[in-house]
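Q: The lines below spell out each chain.
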Amino acid sequence: MLSIENLHVAIEDKEILKGISLDVNPGEIHAIMGPNGSGKSTLSHVLSGKAGYQVTTGKITYKGLNLTAMEPEIRAREGIFLAFQYPVEIPGVSNIYLLKAALNSIRKHQGLDEVDAIDFLSIVKEKTRLLEMDEKFLYRAINEGFSSGEKKRNEILQMAVLEPLLCILDETDSGLDIDALKIVAAGINSLRTAQRSFVMITHYQRLLDYVKPDFVHVLAHGRIVKSGGPELALELESKGYGWVEEQAA
Amino acid sequence: MNNGIQAKNYSAEYQNIAEVLPGQQLNWLTAQREAAFEKFSTQGFPSPREEEWRYTNVSALEKKQFAVLAGAEESRLDEQLLADHTLQDAWVMVIVDGHFKAELSVLQDLPETVTVCSMTEALHRHPEQVQAGLGTTLAGQEHGFIHFNTAWFSGGLFLHVPEHTVLQKPLQIIQVTTREAALITTRSLLLIDAHAQAEVIETYIGNAGISYLLSAVNEVLIAENAQLTLTKIQDETDKAYHFGGTYVKQARDARLLQHSFSFGALLARNEIHCDLQQAAECELNGLYLGRKRQLIDNHTRINHLQPNARSRETYKGILDQRARGVFQGRVLVCEDAQKTDSDMQNRNLLLSDDAEVDTKPQLEIYADDVKCAHGVTVGQLDEQSVFYLQSRCVDATTARNILTFAFANEMVDKVAWQSLRQLLLKLLLHRFPQTGMRKEWLS
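Just so you know, the sequences run in chain order L and P.
Anchor point for the first sequence: position 19 equals 19 in this note's numbering, and the numbering is continuous, going up by one each time.
Anchor point for the second sequence: position 94 equals 94 in this note's numbering, and the numbering is continuous, going up by one each time.
Chain P on its own, in the form it takes in the complex (with noise of 0.2 Å):
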């Protein structure tokens, strides 16, 4: 197959940084790379004419040339920028520019048993556990950013809780992209092992008016029994593309709490997979908010393998001015998975003329016995609750802002750790027309 987006220039760079690869010593990754690159090289990127991509185009991608940046020490970082997105309760995993910064990182008193560190790092140290893990979870993943991630990967994170380990606070990792037309990319990978619990969060932002691209691929391998909680913050600038995918694997009773906030870059995409084993489950929350001329492009595939499994998905749109917005949600119940009860939920508010969803949400059920709903709305506010809030005094237009903010905030209600829905509600704040909102009325 080739009717992709040749990317010439990316796979021409590549022979100059193969070899300043992290894990250069280990051939079953070399090999990996390798085999990566050379379905990268004939594929490309991802063309409009696959149907997983049908209203996402990428062919900006070849044309910018963005390329991997050597030298760390050349960063920007904006202070401020890091601070306003940093949790004060959390363990804190800062990267910039591809690179982890320990110096900026807040890892002390992590229990000694579970292991954090960089993708680097890894490769040296637990090459072993990364072997058995890496790639595990991306089994019939075949489009081109895949290939891509998995050739050029330079940093990322590694996490290793073990056993009947409970994390009390979560880890948040900070990926910040300090330089114009860098490239970065990222493979983290996440085994929470049986019985174990876990709270990651990730960060995405970038130096204000920079272009780059970051393809950060999440693989999480998800134990008996054991539960992750899994939040995204995506709040990049208006001049990057960001592509983003999460690959989860469920084992028996293993549970998923994932909550992606998507404020936007001028391209992002959002992909999140999760197979479920026998009675998994997995709750996927979103929020994506677009203006100007953002495409936000979220992308969600849950694979109910076994009986019993119980999975919820709700995602919110509020797109703007001429900002598009894209969801495309599957659910595949397999023939095995009776008793399978799903349900996924697509709401989208439009406020300007302008602005456009494409929204696809598919059951594809091969079981007799399951409980699967879905539904989708495309709508402006509700005229109803404009009046209610008139009738309390509130003005029409703080009325709508009020509504507007609402109809996001549902989805930050849903945040358990009440610093990280502080965090939200700031973004949140920032980013709608204040007219009448008051922050301090709000918690």
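Isolated chain L, as found in the complex (with noise of 0.2 Å):
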């Protein structure tokens, strides 16, 4: 679904990303852990298709389409979902608004109708409950005023509803107390199916105890140092990320 080839992303001129392969097959998740300014955020801001960075060497496909040259909207339409570190308050424009607008655009990229308004509603709701989240919610406006815990709720309940085909979450255990944690993961997992792939983006393994990785991979100064399985995780956690990072030096 996914392939990521000899990646090189560059920011005004400065390489963070060197050379970076991965492939995500349908069904997978892949969870990318690393200390702080390996180029985790990087790597899923460029998949996203956020403006500002230069990929300099290497290819990504997706679906067998050339992702690089696809603006970040028709991406999102192509399935491609990523769950914010830091989800943006948008006042003045409600959680509903958006969500009709964002389902009924991947709906007209397919060639489908507009969905039916009860229908959306009867959705909408079931996924709320889903996430634990009060309905009242979805009438305020995009993250404003929400707690931490919340905006990644609102993150999850996002992905619920549009059904993307790649999630791509940053860092969504950041800021999340042990409960909403557990809810949140419970989103992730009730969304795997066969099809659907997630690259979870995290720089600790606690996500990792409740939706549980195929693989894990280590990223450490634009590298990938470290592939293995979820034991990964768990060594990572007792020891550290120094080890990994002397053994690929």
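Think of the hints as simulated: they come from the structure by calculation, not from any bench.
Fair warning: there could be bad hints in the mix.
[As the list claims (entries may be wrong)] Distance condition first, Cα-Cα at most 30 Å in a straight line; then the derived BS3-like pairs of lysine-lysine:
hint: 1; chain 1: L; residue 1: Lys125; chain 2: P; residue 2: Lys414
hint: 2; chain 1: L; residue 1: Lys108; chain 2: L; residue 2: Lys125
hint: 3; chain 1: L; residue 1: Lys136; chain 2: P; residue 2: Lys39
hint: 4; chain 1: L; residue 1: Lys136; chain 2: L; residue 2: Lys63
hint: 5; chain 1: L; residue 1: Lys136; chain 2: L; residue 2: Lys182
hint: 6; chain 1: P; residue 1: Lys39; chain 2: P; residue 2: Lys63
hint: 7; chain 1: L; residue 1: Lys59; chain 2: L; residue 2: Lys212
hint: 8; chain 1: P; residue 1: Lys169; chain 2: L; residue 2: Lys136
hint: 9; chain 1: L; residue 1: Lys136; chain 2: P; residue 2: Lys414
hint: 10; chain 1: L; residue 1: Lys212; chain 2: L; residue 2: Lys226
hint: 11; chain 1: P; residue 1: Lys414; chain 2: L; residue 2: Lys151
hint: 12; chain 1: L; residue 1: Lys108; chain 2: L; residue 2: Lys151
hint: 13; chain 1: P; residue 1: Lys426; chain 2: L; residue 2: Lys108
hint: 14; chain 1: L; residue 1: Lys63; chain 2: L; residue 2: Lys226
hint: 15; chain 1: P; residue 1: Lys426; chain 2: L; residue 2: Lys125
hint: 16; chain 1: P; residue 1: Lys239; chain 2: P; residue 2: Lys39
hint: 17; chain 1: L; residue 1: Lys59; chain 2: L; residue 2: Lys125
hint: 18; chain 1: L; residue 1: Lys18; chain 2: L; residue 2: Lys50
hint: 19; chain 1: P; residue 1: Lys39; chain 2: P; residue 2: Lys8
hint: 20; chain 1: P; residue 1: Lys63; chain 2: P; residue 2: Lys169
hint: 21; chain 1: L; residue 1: Lys226; chain 2: L; residue 2: Lys50
[To be verified] Okay, the calculated beta carbon distance ranges per label pair:
hint: 22; chain 1: L; residue 1: Ser122; chain 2: P; residue 2: Gln168; range: 34 to 42 Å
hint: 23; chain 1: L; residue 1: Leu234; chain 2: P; residue 2: Lys414; range: 38 to 46 Å
hint: 24; chain 1: P; residue 1: Gly140; chain 2: L; residue 2: Lys108; range: 54 to 62 Å
hint: 25; chain 1: L; residue 1: Thr61; chain 2: P; residue 2: Ala396; range: 40 to 48 Å
Cβ coordinates follow ideal geometry from the N, Cα and C atoms, glycine included.
From the two separate chains plus the hints, produce the assembled complex.
A: The structure is reproduced here in structure tokens:
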């Protein structure tokens, strides 16, 4: 589904990613771990198409399409979803407005009619219950005045409604207390299917206690320095990142 | 002082209209008018040399020769325009070219103790009440437009809500101007007695394409523990001149909630001044949207006269093309006004390189135990927000439209009366580039 080959990325001529290769097949969950400044967030931004990053070498293909040539909204309509590390507050636009606008853009892109208003509401309300959110949230401005945990839950709610194929979760566990973490993890797990893939970027292992990855990759200094199964995350948790960085050096 | 913009044409014409102005039988009023005319003849209209008018040049008024037009029967009312701005679930008072139109108004079922009528009628039927209030909020207001308004006013609204009376729905005052080159001058008096509650919506509209001069002064007295919500919708033609001022005195524990929506004229000046007695509260919200060569000037002043009063002010502007916005916000905290709690914010969005905003928040504090904050921003749309919307499938152009709309809609959201919010939403959508904006998704 997603294939990253020898990806080099720079911001204003400073190289951040220095040759990353990664294949994500349908239904797989990949965890990308690593110390601060290793390039984890850069990877998520490049995959979702944020401006300001130059892909200097390498390529990214998604469903056989050249991803780097696509605008962020086209990627989103093709099924890529980025759950933000810091979801943006947008006063004046309600959550439900954005959900409806987004869902209908996807449907239009797929050649489908707009979603029926009543169907839409019942889908959204069902997902709201899944994430143990008050329905009133839907009518509030996007993330405005939300706690850190509420913002993250709102990201997962959007993901649940839009049903993407590739979910990129950027430090979704940061800023969550243990109860909120469990709810968010349950939300993610409920979205697991044989077709849907996840790339979870995280600094800590604790999210992986609740969402079990198929693969764990360690990113350091812009490269993947070690890959393994879920046990690698546990090893990192007990030993820290120092030893992998040394091994790689 | 004689550094104003001379207004000889207006002064010369005054002699012809003075004797048909309402309230001729009232000596006190005639005296007020004469004194005001005297001052206006010497001072003229305010000039940019005056600090409070630095950014707003009104010299075009003298060249244009707007005139009081006789005969309301000549009005050319655009019924669709009126309908588009009328609330269905409010009491409505329609004033066409400065004249109250009973047949277009809806004032049934008002509580019997409440008085709502035209200023002309009030001067006949309730002269003592008018006399007790008229001019009392204007002490110290010495600029030419105030004198002009006092001398010239020929209409307006009189509202009296007696003690402990709560109006269950808003009263909408719609001022429609229908004739080219008209000069419309209104003075309204709003008396909200102790523990009473009311909501008033002023709406200013004009027939497409016409040029006119409108001067509207509101005097508002809110007694102890009373509450007034005052919304102003100013949605006039690209050639109109609008000078509106609301001057409020709030007694102890009185509350004022103001929403001002200024879609502009060629030149629109919106003033609001509030005097706060002990523990009074005022919240001033404003939104101004300028395009083409419009100039929208907002001038606010909050005087904290006594302790424990609270004021909140948020004005937002969106300026496009060659439009210019002005925000002058002044908060005065007097020596006695300890424990004042005040916050003033002005946020501006410039959509074009040629748009401009002059913003000047001023705090003048003479007490030592107060909490006063203010902030100003002038900028473009936040790129991080644009990307967030793009990552949710929205194309960049639509994302920008949504964010621009949202910036404005935040002020509409503060309005509690639902049909009014819907009306404002409609006006906003009409005003903005609509690519991808969908009203049915908004509410």
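Q: Now tell me if each hint is right for this structure.
A: Hint by hint, here is what the structure shows:
Between Lys125/L and Lys414/P, the direct Cα distance comes to roughly 26 Å. Compliance with the 30 Å bound is thereby established for this hinted pair. About 22 Å separates the Cα atoms of Lys108/L and Lys125/L, which keeps this hinted pair within 30 Å; it holds. In summary, the hint linking Lys136/L to Lys39/P is not supported, as the alpha carbons are separated by about 57 Å, beyond the 30 Å threshold. For the hint linking Lys136/L to Lys63/L, the alpha-carbon distance of about 37 Å lies beyond 30 Å, and the restraint is violated.
A distance of roughly 22 Å separates the Cα atoms of Lys136/L and Lys182/L; the hinted pair therefore holds under the 30 Å criterion. Distance check on the hinted pair: Lys39/P and Lys63/P sit about 20 Å apart at the alpha-carbon level, within 30 Å; holds. Straight-line distance between C-alpha atoms of Lys59/L and Lys212/L comes to about 28 Å, which keeps the hinted pair within the 30 Å bound. Taking the CA atoms of Lys169/P and Lys136/L, the gap is about 26 Å. The hint holds against a cut of 30 Å.
At most 30 Å may separate the alpha-carbon atoms for a hinted pair to count; Lys136/L and Lys414/P meet this at roughly 17 Å. About 18 Å separates the Cα atoms of Lys212/L and Lys226/L, which keeps this hinted pair within 30 Å; it holds. The hinted pair formed by Lys414/P and Lys151/L meets the criterion: a straight-line CA distance of about 23 Å does not exceed 30 Å. Between Lys108/L and Lys151/L the alpha-carbon distance is near 27 Å, which keeps this suggested pair within the 30 Å criterion.
Straight-line distance between C-alpha atoms of Lys426/P and Lys108/L comes to about 26 Å, which keeps the hinted pair within the 30 Å bound. The suggested pairing of Lys63/L with Lys226/L holds, with an alpha-carbon distance near 26 Å, which does not exceed 30 Å. Distance hint between Lys426/P and Lys125/L is fulfilled; the C-alpha atoms sit about 28 Å from each other, no more than 30 Å. With a C-alpha separation of about 28 Å, the suggested pairing of Lys239/P with Lys39/P holds against the 30 Å cut-off.
Simply put, Lys59/L and Lys125/L have alpha-carbon atoms about 39 Å apart, too far for the 30 Å limit, and the pair is violated. With a C-alpha separation of about 18 Å, the suggested pair Lys18/L and Lys50/L falls inside the 30 Å cut-off, and the hint holds. For the hint linking Lys39/P to Lys8/P, the alpha-carbon distance of about 13 Å falls within 30 Å, and the restraint holds. This hinted pair does not check out: Lys63/P and Lys169/P have alpha carbons roughly 43 Å apart, beyond 30 Å.
Of the supplied pair hints, the one linking Lys226/L and Lys50/L holds, its CA atoms being roughly 27 Å apart against a limit of 30 Å. Checking the proposed 34 to 42 Å range against Ser122/L and Gln168/P shows it holds: the Cβ atoms sit about 36 Å from each other. Judged by the Cβ atoms, the range 38 to 46 Å given for Leu234/L and Lys414/P is violated: they are separated by roughly 51 Å. Take Gly140/P and Lys108/L: their Cβ atoms lie about 60 Å apart, and the range 54 to 62 Å holds.
For Thr61/L and Ala396/P, the Cβ-Cβ distance of about 24 Å falls outside the hinted range of 40 to 48 Å, so the restraint is violated.
Violated hints, in rising order: 3, 4, 17, 20, 23, 25; the structure is consistent with all others.
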